[in-house]
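Its first residue numbered 31, the sequence shown is counted upward by one per residue in the numbering used here.
Fair warning: there could be bad hints in the mix.
When the alpha-carbon atoms are kept at most 20 Å apart in a straight line, the in silico SDA-like pairs for lysine to any residue are as follows [what the hints assert, rightly or not]:
1) Lys429 to Thr281
2) Lys157 to Glu79
3) Lys300 to Gln276
4) Lys109 to Glu91
5) Lys131 to His438
6) Lys93 to Gln107
7) Lys211 to Lys173
8) Lys157 to Glu446
9) Lys241 to His189
10) Lys156 to Lys131
11) Lys211 to Gln276
12) Lys157 to Tyr277
13) Lys173 to Gln267
In case anyone wonders, no lab produced these hints; they're calculated from the structure. Predicted model only: the values in this text are computed from it and were never measured.
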Amino acid sequence: MLRPTGQALPGQKVVVNFSAQSILYVLTAAPAQKTAFVELPANLIFTREGLALLSANPNAEIKRVTGKDGSPREGMQSKSYNAPTIQKMIMNSYLEEIYIKLPDLLRKRHEIISTNNLIVYAILYKKLSPSLARMLFDSTVVKEFNRKNPKNSIVDLKHISMQSAAKLVESRKDLFLSIKKSIQDAVLYQVSINTELQEEDRTIMARSIPKFIDWIDNRIWYLYFIIHQTPLKEQMQRAMVRMITQYLDHTRIGTHLSNLLMEFVQNAEKAHFERLIIKNNLAKKDDVDTYLRDRGNRQFIIDEATRRDQMLEISWSMASERGAGGRNYRIIITISNYGLIDERTRSLLHNKMKTNVDGIGLASFYEGGGDADKLGAGLGLLYNSYLEDLCRKEGIFYKTSIFPEPRHEKTTVQMELAL
């Protein structure tokens, strides 16, 4: 397991060694967190930057592991992983893909949802500070400071020393605690009065506020300190509150994405087991559900899938890209299972694919109709609708497609999101 043997100091970049499957990562300024392990066997595939960092550690157990495309990649295998560590690696763009291959997935429901959420939240944390920086650099106060101090002008976070910012925050600890508390209370108030939020969303957002604020780069607080000395401090606080609230609103994407993901997982597992049961003449199609309700039968099918190496697969791929509004972070989630949709629906999909080489949109899939008991029944249209509406409102790219793979007797669902 990835167990840390070192700990970062606030505002300090630290190389940390891990026992067993050793790994390096750079910690950004963040509060101490309780160690939390996700018990989900995974292949962890690193980016070029991640591999460069890991290569500096002679104890790092880098090996060739399989990714979602089946090709060998540089990475690590782990029976479980430290969630805060993985989240920090994603934030630092050191991790490219998390790939899971198991005979069954529903028993790992909590772990799959945890993995999905930590990825979405990592990207939101990562994007918050640059967004706040752009807002601050556009402020009248910072522009005036630059005009009066041309030799020491600040037009980019890179112009601010990490050490100087950390030193300031530490030396004025009580002041910054007061500032952060004031902002946190104001954000919480905005969440509490938002009548468009469901109670579940409101609770999740309220619980997330402290961590969002704690992950703000110390260099942002350095800039904020300059503005705090001027009459515009209340105006700047309101702007900070608005932006943090906007990012908190994006946590709803993680919630709906996890719900939709589990709908796909449930359907994939059902089709996966049904195929094995029928191929082994263990039950008729109409009796599959009854057969699987028996714990012994279910375990037999799991063992059979393992023996045949016919697994369910789920992966998360993370990539950054430049866009007109700055840097976007694309998450691609795939769920694959052995088993195909029925012939009639497959034919309809094939005709649609002639004009859509990237796959079939979820809405198009349902337009094909078909038996409600076939793969695809109840694929979470409600959650998909929530996601589509929310992403459209926020100007976020979102797409879900279904890829039938007759040659491999597989079906793959792909969800794509650009934050």
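* To do: List in ascending order the numbers of the hints, as given earlier, that are violated by the structure.
  => Failing hints, ascending: 3, 7, 9, 10.
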